[in-house]
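All chains should be built: construct the whole structure from the sequences, respecting the hints.
Protein sequences appear in the order of chains A and B.
Mapped onto my numbering, the consecutive letters of the first sequence carry residue numbers 8 to 467.
Mapped onto my numbering, the consecutive letters of the second sequence carry residue numbers 145 to 295.
None of these hints come from the bench; they were simulated from the model.
Listed below are several chain B residues computed to face chain A (Cβ distance under 7 Å; list not exhaustive): (1) Leu148; (2) Thr181; (3) Cys182; (4) Gly183; (5) Cys208; (6) Ser209.
A virtual CB, placed ideally from N, CA and C, is assigned to each residue, including glycine.
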Amino acid sequence: MASAPLQQTARRLIDPGRPVAADAYAGRVTSAPLTEAELEGIRAQFPILRTEVHGHPLAYLDSAATAQKPQRVLDAERAFYAEANSAVHRGAHTLAAEATERYEAARRTVADHLGASEHEVVFTGNATEGLNLLATAIGHASTGRGAGADFPVHSLGERDEIVVTELEHHANLIPWQELAARTGARLKVVPVDDNGVIDADAAADVITDRTRILAVAHVSNATGRVSPLDALIAPARAAGALIVLDACQSAPHLALRPAELGVDAAVFSAHKVYGPNGIGVLWGRRELLDALPPHLYGGSAITTVTLEKAHFLPAPARFEPGTPRIAQAIGLAEALRFVDEIGLDRIAASEHALAARLHDGLAGMPGIRVLGGPGADGRVALASIDVDGVHAHDAGQVLDDLGIAVRVGHHCAQPLHRRLGLTASLRISAGVHTTPDEIDRALDAVSGIRSFFGVAGSAA
Amino acid sequence: MSGLDQLYQQIILDHSKRPHGVGLEAGEETSHQLNTTCGDEVTLALRRDDAGRVVEVGWTGQGCSISQASASMLAALLEEEPTGMADDELTSLIEEFRTVLRSRGTLELDEERFGDAAALGGASRYVARVKCAMLPWVAAEDLVQRHAARG
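What follows is the structure, encoded as structure tokens:
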């Protein structure tokens, strides 16, 4: 149940004095990159990197789709099942207490990683579920149901507006489309330019005093560019809007401190940060989470239940009905310890060098168009390309034949591809284990695609 | 021949660049098939003679060379049949095509029966590409089934 003071802050929940978004990346990297020996040590921890594909050592350049897992993450999940498996938050026996302790310790690890309080960390199935949680809970609040619905902080109506950008992943678009349709609110879009870069100047026109929600990717999964958060957040904040950050593509690459960025909620998926499948994180300011009704209903999320009515626990328990993802949470905590022991500042430094190598290499290639335009500044080590005259699916096959794993398709960003006149692209994305040699192998392979398909020499 | 050269035989690249059977007539019955993973699309029509035999394939589409060549090769196959095909012949051809494509490289397509389309057998080694090659054939199957349902 939400506490009484929340009533006084209805519709202006968000503290206007909170910090403005810091441009946390933008190519300003000061830490030392990983040494060759350190990189070898990291690679040795990933069993899958010893795989051969079509007679070549696997070059796994699809980390933006899902990251590979170090042995210690696999071991952590197994150890839970072997040593402490039990239901959490119920039962008084020793194993149940041990399992609960390990699960909540995992939550504290996530909170520490984010510079947050454990009350602000909700375990979800993945980032998609985290975004749906918010949209669904706000939808419930809009119909006057659930704990926080007693306080109409986040109820939406016909005069309200939700703002997204044109390059969002479908997971940060469709939940808001549906929420708008259910509540009568209007969905508005901050456009991208002809290169696929968010038009920061347009944000001030799109975001108005009617804007109640701004949902934006921290880093685009299609272009790898860090979004211009300052330009987006300032007008949204002035409007008192709830600011939701899709941090899926930033969490593996840069230190994520959502409270410092000036957002109110952020989501990411464990499987992209070297953690297990089946678990993600929703971080939300405590006053936000406690003012929202549940998105799903069930056990573990309640205080008292009668045949007529339920009363709900505060966050995070309010949003974790049913038996939670215990082993996965423990695996995620181990994955975050893995990246924190290396240091995200150093990971960012190494990956920035890889980004420069990748984008410099692509820049001179005839017939290659890079989504988001050329250049590595303000970008993670990711490049999606269109190969003139060759469908992305065919282009990707050439790389696969050389043992190089990349993503082909629309990367769940159809509106962006359509805006750029494309249906699909080929995406190269690096991770903490990626070597300069692997980037070179990908560049070599890309440079041979057009001649293989007999289109080299035609107009680029 | 390497796996990649077998997948992308010259005849496949030729069909994808100079496809047979492209074009649909206004108002004709079509089947639209979409590969949601990569966005490949084919919209296909089966044209029949007075006796109801399929004599021509028309189609439009966009996507990878395998999916587009496959549609072109299906159209070319009908071009080579002066009296067309009965529905049961076409159905058995589609079923055989599917069996080979799903064989993970253990079966090959008979050139006598499949003509240029026999070259698509190389896709059977690439599980992710089977759907690309199947797309127009699934459209044809859909139209045959609809025709049968109408009696």
